[in-house]
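Listed in order, the protein sequences are those of chains P and H.
Numbering-wise (this note's numbering), the first sequence opens with residue 4 and increments by one.
Numbering-wise (this note's numbering), the second sequence opens with residue 4 and increments by one.
Derived by calculation from the structure, the hints in this document are not laboratory data.
Fair warning: there could be bad hints in the mix.
Note that the list lumps identical chains together, so a pair holds whenever it fits in one copy or between two copies.
The calculated lysine to any residue pairs, modelled on SDA-like cross-linking and capped at a C-alpha distance of 25 Å, are [claimed, not checked]:
| hint | residue 1 | residue 2 |
| --- | --- | --- |
| 1 | 208 | 133 |
| 2 | 122 | 16 |
| 3 | 404 | 438 |
| 4 | 404 | 108 |
| 5 | 205 | 216 |
| 6 | 208 | 297 |
| 7 | 404 | 151 |
| 8 | 404 | 148 |
| 9 | 407 | 152 |
| 10 | 122 | 294 |
| 11 | 407 | 151 |
| 12 | 205 | 316 |
| 13 | 57 | 325 |
Protein chains: 2
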Amino acid sequence: MTRPAPLSGFPEWLPAGRLLEQSLLDRLRRTFELHGFTPIETRAVEPLGELLRKGETSQEVYVLRRLQEYADPRARASLTELDDRQLGLHFDLTVPFARYVLENAGRLDFPFKRYQIQKVWRGERPQDGRFREFIQADIDVVGQGSLPFHYEVELPLVMAEALAGLPIGRVEVRVNNRKLSQGFYLGLGLTDLTAVLRCVDKLDKIGPAAVAQLLVDQAQASGAQAQACLDLAQIQGGLADQVGAAVRALTDRYGAANDQLEAGLGELTGLLEAAQAALPGAVVADLKIARGLDYYTGSVYESVLEGHQSLGSICSGGRYDSLASDGSQTYPGVGLSIGVSRLVSRLIGQDQVQVTRPVPTAVLVAVADEASRPRSERVAQALRARGVPTDVAPTAAKYGKQIKFADIRSIPYVWFPGQEDGTDQVKDIRSGQQVEADQRTWSPPADDLWPRLVAV
Amino acid sequence: MTRPAPLSGFPEWLPAGRLLEQSLLDRLRRTFELHGFTPIETRAVEPLGELLRKGETSQEVYVLRRLQEYADPRARASLTELDDRQLGLHFDLTVPFARYVLENAGRLDFPFKRYQIQKVWRGERPQDGRFREFIQADIDVVGQGSLPFHYEVELPLVMAEALAGLPIGRVEVRVNNRKLSQGFYLGLGLTDLTAVLRCVDKLDKIGPAAVAQLLVDQAQASGAQAQACLDLAQIQGGLADQVGAAVRALTDRYGAANDQLEAGLGELTGLLEAAQAALPGAVVADLKIARGLDYYTGSVYESVLEGHQSLGSICSGGRYDSLASDGSQTYPGVGLSIGVSRLVSRLIGQDQVQVTRPVPTAVLVAVADEASRPRSERVAQALRARGVPTDVAPTAAKYGKQIKFADIRSIPYVWFPGQEDGTDQVKDIRSGQQVEADQRTWSPPADDLWPRLVAV
Chain P
4 MTRPAPLSGF
14 PEWLPAGRLL
24 EQSLLDRLRR
34 TFELHGFTPI
44 ETRAVEPLGE
54 LLRKGETSQE
64 VYVLRRLQEY
74 ADPRARASLT
84 ELDDRQLGLH
94 FDLTVPFARY
104 VLENAGRLDF
114 PFKRYQIQKV
124 WRGERPQDGR
134 FREFIQADID
144 VVGQGSLPFH
154 YEVELPLVMA
164 EALAGLPIGR
174 VEVRVNNRKL
184 SQGFYLGLGL
194 TDLTAVLRCV
204 DKLDKIGPAA
214 VAQLLVDQAQ
224 ASGAQAQACL
234 DLAQIQGGLA
244 DQVGAAVRAL
254 TDRYGAANDQ
264 LEAGLGELTG
274 LLEAAQAALP
284 GAVVADLKIA
294 RGLDYYTGSV
304 YESVLEGHQS
314 LGSICSGGRY
324 DSLASDGSQT
334 YPGVGLSIGV
344 SRLVSRLIGQ
354 DQVQVTRPVP
364 TAVLVAVADE
374 ASRPRSERVA
384 QALRARGVPT
394 DVAPTAAKYG
404 KQIKFADIRS
414 IPYVWFPGQE
424 DGTDQVKDIR
434 SGQQVEADQR
444 TWSPPADDLW
454 PRLVAV
Chain H
4 MTRPAPLSGF
14 PEWLPAGRLL
24 EQSLLDRLRR
34 TFELHGFTPI
44 ETRAVEPLGE
54 LLRKGETSQE
64 VYVLRRLQEY
74 ADPRARASLT
84 ELDDRQLGLH
94 FDLTVPFARY
104 VLENAGRLDF
114 PFKRYQIQKV
124 WRGERPQDGR
134 FREFIQADID
144 VVGQGSLPFH
154 YEVELPLVMA
164 EALAGLPIGR
174 VEVRVNNRKL
184 SQGFYLGLGL
194 TDLTAVLRCV
204 DKLDKIGPAA
214 VAQLLVDQAQ
224 ASGAQAQACL
234 DLAQIQGGLA
244 DQVGAAVRAL
254 TDRYGAANDQ
264 LEAGLGELTG
274 LLEAAQAALP
284 GAVVADLKIA
294 RGLDYYTGSV
304 YESVLEGHQS
314 LGSICSGGRY
324 DSLASDGSQT
334 YPGVGLSIGV
344 SRLVSRLIGQ
354 DQVQVTRPVP
364 TAVLVAVADE
374 ASRPRSERVA
384 QALRARGVPT
394 DVAPTAAKYG
404 KQIKFADIRS
414 IPYVWFPGQE
424 DGTDQVKDIR
434 SGQQVEADQR
444 TWSPPADDLW
454 PRLVAV
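Isolated chain P, as found in the complex (with noise of 0.2 Å):
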């Protein structure tokens, strides 16, 4: 067996990320929980039928076959075809939430707050070097035929609430109104709001020239109707009253008012008051955000992590009228998504926080002789007990080398066990300082106990 070599896409970490993951993770599921979400996992697959509902991602999604139909004769004929029952892996965690509420209605509560934290898969064409695998961390509310505005307001401000949390620098949320936009289109006489909304979509891509004359090729926009849309896209700001005021302007501007805008805007500063008030200067409106998936509805949110903004919006979602519909119920909600392993990627790839070990361990047992095993053992035991990730010695080796395995994977303490009738000692490896210690009451500094997140 010679050394296998990664797969393009399918991201993997050594211990020490997988520890950072894992604590990103638990701090995003604990705010998650004080919020009052409750967790749901949903299988990684979906029959194609559900998949491709929507259309859009149909290239991306990964067909399972099973093994033994290659070996069939008569199964292996059919393994050109496709049906709508056929299994495909999930390529986010909004499909099959939407199905997942659908299929038990009857049995669940609501307004129904969930939080989801899974794999995804995308089968992106290898050498677009984008993520094939990855994680996302999504909540969502959904409701049974209506769905309170104020939960616009919440949804963002919990991300904005578990991002601040981690220790990766300052996040922003950043939220638009899709009737507002929609609004401020139609008034303009613009009637193909799909692509005008494909088109501003891409203006951080492309920028602002060639999205006008996108407009203009592909939405029937005029010039002047082009560069309304873009001066619309340009309004940003975390102030209610400056960003009414800006709209207010440019709507008379170009006599473009009308209900469906007016109700946009009272949405969108009320968002921008509520946040304001809650977690200043965490949700800042931005007009030019268009999501350009066509089920959202209201308030669309994206968010930008300071100083990494190639990584592109980590966290993005917005509301929609109708998750899911079974004829008699439609079931609107709001929810929002983060992509994890995008963000875990760039933070081990750029050093920017660290795991202070790459393993639980806090205290290394130190074995004296291979007969006096079990003693270290029940030394351990006795830590443990108490809440203290213990590890004993692999070897009786000498204690210098003990020491070096400690120190290679910076567990920061040795214990050693003394002899029948003397006391133990436990050094702390990093300052030398060596102490008199009992196994019943000795712990070590909080700070030491669990492997932490630092900001490096």
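Chain H: place on chain P using the hints.
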């Protein structure tokens, strides 16, 4: 969209079930980490060449194809072909771990103790009623070149401790030793050891008479040799001396003594003695344990949950002298794996364990009217800042309706913010008791703070 139906073999839980599963996983993880096992996570896919190396489970692999390949006429032609680089979903966590160790050998510190909790997939035929997606929780320790025997004692004890920490009834780890049984078979004059093991492995399923016949038919055993194999398989017990005496008596009777048997017996009795001293009653010898897989070379483990023998072994594993090899180095290891989903499925199905509520929320803050929602949000944030999971009522309905909202979800406390200058009150809706409370100091009793697992 009509109501979707569950997919056979792909278990999913309602929120209470997922909270239960998550609590079990948290407890396992804590035990593993207290013992110094470090977490890793591997990608869900491996090249088929890697997955099919051992051959045995080849029929159970899910092969991945990109949806785009079905649309592209040239790619489509190759859809019926397989090659070693094609990706499939992993069917256990041992194959990916072996690959991970080889791939990262230069960057890992040995002996390397890791735990891994992930989903695995097996393309079983749907009608088998087996799980096609399930969670495994594995611990392994792997050495470079060599690995001391004491880890064969340590690992089953860690699992016994982890399982004893769950509210699921008594779990007994049952152990055998491959050297002992193979030495015995060789001493009898049998030569096809793989065939013998495969026959003995069926004891629980088909009984001794049928196994004796199988041994004659498939392992070239005489009637007397078959009987000797059955006699060995009957030996069990927790006391090293008794097990040792029983094996020796049998060995003498059949004149089967040899060095390999002696080495295996020494390991088995050594394991029993150490286990008896560390965790009395947790580990017993059971010499019928064969474990079909041929890569085990020393101790082999299974475990039985009292009252749920029909579940089969809920935790299995063993010692392997070569988890992986890169030509110049081999990596011996010992590991055990818990089948978490099957266990959770049984616990949920039989209502044996429950969580105290299906949401994290301990306190629901009532909302007097929508204008005062920010006031209620501030109470909630104050409680969350002190670690109390708190939600705010979805609408300013009558208080009776808000209490009902909490009651349906088994949220134990409802908080009523006072008017401007009034004091707040909190009600335990189980007892009806309502007291004055200050958001800066009040906390629920520890038992109510988070959902808890309780045996029913």
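To see whether the hints hold, each was checked on the structure:
In this homomeric assembly, residue 208 and residue 133 come within 25 Å of each other (Cα to Cα) only inside a single copy, at 17 Å, whereas the closest approach across copies is 48 Å. In this assembly of identical chains, the alpha carbons of residue 122 and residue 16 lie at most 25 Å apart whether taken from the same copy (15 Å) or from different copies (17 Å). In this assembly of identical chains, residue 404 and residue 438 lie within 25 Å of each other by CA distance solely inside one copy; the values are 20 Å within and 61 Å between copies. Within a single copy, residue 404 and residue 108 get their C-alpha atoms only as close as 60 Å, which misses the 25 Å cut-off; across copies the closest is 21 Å, which meets it.
Proximity of residue 205 and residue 216 under a CA criterion of 25 Å is satisfied intra-copy only: 12 Å inside one chain copy versus 73 Å between copies. Taking CA atoms no more than 25 Å apart as the test, residue 208 paired with residue 297 passes inside one copy only; the shortest distance there is 20 Å, against 56 Å between copies. Proximity of residue 404 and residue 151 under a CA criterion of 25 Å is satisfied inter-copy only: 16 Å between copies versus 64 Å inside one chain copy. Taking the closest pair of Cα atoms, residue 404 and residue 148 come within 25 Å of each other only across two copies (18 Å); inside a single copy the shortest separation is 67 Å, beyond that limit.
In this assembly of identical chains, the alpha carbons of residue 407 and residue 152 lie at most 25 Å apart only when taken from different copies (22 Å versus 59 Å within one copy). Taking the shortest Cα distances, residue 122 and residue 294 sit within 25 Å of each other inside one copy (22 Å), while across copies they are farther apart (32 Å). Taking the shortest alpha-carbon separations for residue 407 and residue 151, only the inter-copy value of 18 Å comes in at or below 25 Å, while the best intra-copy value is 60 Å. Proximity of residue 205 and residue 316 under a CA criterion of 25 Å is satisfied intra-copy only: 13 Å inside one chain copy versus 56 Å between copies.
In this assembly of identical chains, residue 57 and residue 325 lie within 25 Å of each other by CA distance solely inside one copy; the values are 13 Å within and 48 Å between copies.
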